[in-house]
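J.: Chain by chain, the residues:
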Amino acid sequence: MKIFVPADSSAKSVGSDSVARILGAALSQADMVRNGSRGMYWLEPLVEVETDQGRVAYGPIYPADAESLAEALNGNGEHPKFLGVTSELPWIREQNRLTFKRVGIIDPLDPADFQAHGGLAGLQQALVKTSESIIDEVMASGLRGRGGAGFPAAIKWRTVAQAQSEIKYICINADEGDSGTFADRVLMEGDPFTLIEGMAISAIATGATHGYIYIRSEYPDAISVMNAALDIAREHTWIGPAILGSHHAFEIAVRVGAGSYVCGEETAMLESLEGKRGMVRPKPPIPALSGLFGKPTVINNVMTIAAVPYILAHGGDSYAAIGTEKSTGTSVYQLAGNIAQGGIVELGFGVSLRHLVEHFGAGTRSGAPLRAVQVGGPLGAYLSAGQLDVAMDYESLTAIDAMLGHGGIVVFDETVNMAQQARFAMEFCAEESCGKCTPCRIGSIRGVEVIDLMIRGENRDDNRELLVDLCEVMTDGSLCAMGGLTPMPVLSALNKFPEDFGLSQERTQP
Amino acid sequence: MSAREWDPIEANALVNSCVMRGNPLVALQSLQSQYGFVHPEAFEHVAQAFNISRAEVFGIVTYYSDLRTELVNGTEVRVCMGEACQAVGARTLLRELEHFESNHAEMHMFVSEVFCMGNCALGPTAVVGATLVGLANIDAVVTLFHEVQS
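Protein sequences appear in the order of chains A and B. Just so you know, the numbering used here puts the end of the first sequence at 510, numbered straight through with nothing missing. Just so you know, the numbering used here puts the end of the second sequence at 150, numbered straight through with nothing missing.
The hints are simulated quantities; they were obtained by calculation from the structure and are not laboratory data. Do not take every clue at face value.
Said to hold, decoys possible - With a cut-off of at most 20 angstroms between alpha-carbon atoms, the simulated SDA-like pairs for lysine to any residue come out as follows:
no., chain 1, residue 1, chain 2, residue 2
1, A, K276, B, I52
2, A, K101, A, H117
3, A, K496, A, E414
4, A, K2, A, N74
5, A, K101, A, A121
6, A, K276, B, N51
7, A, K276, B, D66
8, A, K276, B, F37
9, A, K276, B, L14
10, A, K295, A, V254
11, A, K2, A, L27
12, A, K2, A, T51
13, A, K276, B, A47
14, A, K276, B, A49
15, A, K276, B, H45
16, A, K129, A, H247
17, A, K295, B, N23
18, A, K2, A, L73
19, A, K276, B, R68
20, A, K2, A, E88
21, A, K295, A, I155
22, A, K276, B, F58
23, A, K276, B, Q32
24, A, K276, B, R54
25, A, K101, A, S318
26, A, K2, A, A112
27, A, K276, B, G59
28, A, K101, A, I322
29, A, K276, B, T69
30, A, K295, B, R21
31, A, K276, B, V19
32, A, K276, B, L67
What the hints assert, rightly or not - So the derived list for chain A, only partly shown, Cβ under 7 angstroms to chain B, looks like this:
no., residue
33, Y41
34, G180
35, R185
36, S217
37, E218
38, R277
39, G343
40, Q374
From the three backbone atoms N, C-alpha and C, an ideal C-beta is built for every residue, glycine too.
Please take these sequences and the hints and turn them into a complete structure.
T.: In structure tokens, the structure reads:
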């Protein structure tokens with residue numbers, strides 16, 4: 001008998017380690033795999049068992065359920081928490097998992113399992129192509145940066161490939177600091193070789209010889225899995241002095257963040273990788289020409305680079321056929337906050353927010369009516385219940401003054417106070433600002449004060465004007481997205497939920 | 001969390017071992033994880049080892065919230081205050097834990113805020129010592145706190 005008990009850190013947070021211990025002791029003849037998560041977090045710890053019909057799931061199996069499950073597995077397998085064949089559960093079946101194809105299915109650190117499920121096919125394709133034809137393939141896929149900015153990956157790669165330098169770098173931004181986002185973590189914990197494969201392909205395309213994965217310290221499990229995966233990849237020559245026996249040399253190291261949100265901004269991340277304070281750099285020069293230690297540097301998000309192996313293995317055109325015209329391929333949406341069925345949903349761009357929240361998410365966890373949804377992390381807009389029909393792609397969200405960001409979707413029920421959420425956005429910016437530019441450093445503190453005045457009921461209309469004006473200065477005058485986007489949650493809360501600020505009627509944003 | 005006592009000679013050796021393959025931040029992180037804090041007396045040595053000023057070392061230490069100049073006396077309980085956890089009652093959990101902390105000073109609970117542990121589908125989230133707790137409530141956190149203490 002083969003059983004699967006996730007070692008994903010979120011599954012562990014609800015007891016999967018204890019479940020594994022109890023099942024391991026009771027079913028000593030069974031072969032246990034500690035897989036990643038399938039992404040159905042409301043069912044975690046999700047225990048799976050290999051049967052003649054395929055893998056069947058039981059969940060959620062809390063430690064208190066483990067004994068009874070062990071008894072059931074020693075018998076006929078009947079248990080009240082039986083869910084059926086995992087791959088046929090609607091939540092899984094209705095997704096289009098390309099990047100997350102193997103997550104939750106394979107043993108994260110078993111290279112044979114990885115290859116048996118299609119791993120390495122992209123890298124092998126890349127090795128028989130020229131640098132230009134790899135980049136052409138990525139160009140054809142239309143792949144855009146998944147960190148939030150949505151910049152075409154192929155253009156970045158081409159710039160680095162054409163830059164003249166002895167040393168070039170690839171830096172992967174795994175500083176997934178946005179609340180409501182966890183896709184990078186789940187992928188790194190559940191299928192780390194995919195990230196390594198994508199980086200190796202990027203190295204071959206751009207001529208980079210050194211790669212860094214910058215992981216936030218809040219992800220200790222992802223750090224240890226990634227480090228273990230790098231050792232295994234080195235043993236198998238997937239990276240190292242000669243990638244799969246070719247003339248391409250590429251080495252990867254993990255660097256750990258130190259608790260600074262703004263280090264998720266690409267230039268601050270470079271400073272941190274150089275061992276300095278995470279202060280934002282002005283652009284130009286762009287990092288593709290002068291990045292880490294002043295050398296040409298590819299900076300990609302985990303989700304961007306993890307999409308690359310599929311593109312090389314199946315062709316850019318097949319990837320571009322998914323999604324919308326300008327937002328091609330799949331996006332990994334993350335359902336979080338007050339949601340009944342939270343987790344990972346990978347689908348083509350353009351699905352409606354309503355479908356994600358109501359169909360996949362099954363509404364709020366509390367059962368109370370939904371009031372607001374924040375899309376795209378702490379710098380993303382708050383949408384009202386009336387805006388749920390927006391299509392989830394870069395263009396459609398921009399058109400309603402919102403942004404996709406890293407694909408995080410945080411649901412709030414009617415108990416939320418939007419003035420408090422707006423205040424929090426400013427407070428967070430004040431706390432995490434690197435301090436280099438004035439609009440962000442000072443503006444955020446003034447923002448908290450103005451919102452406090454409004455909450456206390458002092459000159460609300462005048463202070464609204466002041467807040468809108470301050471937001472304009474921050475948007476236009478900040479050096480990076482931290483100060484530049486903090487007004488987005490603030491203004492969206494102010495404009496769509498004015499009653500929470502004690503304001504009577506809605507007024508349109510100037 | 002390491003309980004190792006600060007040892008200046010050993011600390012200097014640790015910093016030296018980071019010079020070839022690391023940078024000042026890596027050296028400071030190594031000290032932090034070894035001793036649970038970075039003793040200010042190490043600043044001078046880090047500065048010399050990496051050929052930067054002591055002011056720059058001070059700047060790095062004070063910039064990153066993971067780096068501390070004093071040892072936390074007790075068990076740390078971090079409460080996630082990301083929006084996703086706020087949406088399911090993180091503010092209440094933080095308030096309750098702060099209340100517990102101040103009413104039971106003898107237990108040395110050290111409550112702090114953290115912003116996002118990537119557990120956003122199973123909030124509220126707390127971290128007791130090094131253990132992540134999903135679907136957290138005051139009782140579960142306090143129970144685990146006692147286990148970690150003993």
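J.: With reference to the structure, classify each hint as holding or not holding.
T.: Checked hints:
1. A/K276 x B/I52: holds, 10 angstroms
2. A/K101 x A/H117: It holds: about 9 angstroms lies between the C-alpha atoms, which stays within 20 angstroms.
3. A/K496 x A/E414: holds, 14 angstroms
4. A/K2 x A/N74: holds, 12 angstroms
5. A/K101 x A/A121: holds, 13 angstroms
6. A/K276 x B/N51: Judged against 20 angstroms, a Cα distance of about 13 angstroms means the pair holds.
7. A/K276 x B/D66: holds, 14 angstroms
8. A/K276 x B/F37: holds, 18 angstroms
9. A/K276 x B/L14: holds, 19 angstroms
10. A/K295 x A/V254: holds, 19 angstroms
11. A/K2 x A/L27: Within the cut-off at roughly 10 angstroms; holds.
12. A/K2 x A/T51: holds, 8 angstroms
13. A/K276 x B/A47: holds, 12 angstroms
14. A/K276 x B/A49: At roughly 15 angstroms apart (the allowed maximum being 20 angstroms), B/A49 and A/K276 satisfy the hint.
15. A/K276 x B/H45: holds, 16 angstroms
16. A/K129 x A/H247: Distance of about 13 angstroms is within 20 angstroms: holds.
17. A/K295 x B/N23: holds, 17 angstroms
18. A/K2 x A/L73: Measuring from Cα to Cα gives roughly 11 angstroms; hence the hint holds.
19. A/K276 x B/R68: holds, 16 angstroms
20. A/K2 x A/E88: holds, 19 angstroms
21. A/K295 x A/I155: holds, 17 angstroms
22. A/K276 x B/F58: holds, 11 angstroms
23. A/K276 x B/Q32: holds, 16 angstroms
24. A/K276 x B/R54: With a Cα-Cα distance of about 13 angstroms, the restraint between A/K276 and B/R54 holds, given a limit of 20 angstroms.
25. A/K101 x A/S318: holds, 16 angstroms
26. A/K2 x A/A112: holds, 17 angstroms
27. A/K276 x B/G59: Cα-Cα ~9 angstroms, so holds.
28. A/K101 x A/I322: holds, 15 angstroms
29. A/K276 x B/T69: At roughly 18 angstroms apart (the allowed maximum being 20 angstroms), B/T69 and A/K276 satisfy the hint.
30. A/K295 x B/R21: Between A/K295 and B/R21 the Cα gap is close to 18 angstroms, so the pair holds against 20 angstroms.
31. A/K276 x B/V19: holds, 14 angstroms
32. A/K276 x B/L67: holds, 13 angstroms
33. Y41: Because about 4 angstroms separates A/Y41 from the closest Cβ in chain B, which is inside the 7 angstroms limit, the hint holds.
34. G180: Interface hint status for A/G180: holds (4 angstroms vs cutoff 7 angstroms).
35. R185: Holds. Min distance 4 angstroms.
36. S217: holds, 5 angstroms
37. E218: holds, 5 angstroms
38. R277: OK, holds: A/R277 within 7 angstroms of chain B, min 4 angstroms.
39. G343: holds, 5 angstroms
40. Q374: Result: holds, 6 angstroms to nearest chain B Cβ.
Violated hints are absent here; each numbered hint is respected by the structure.
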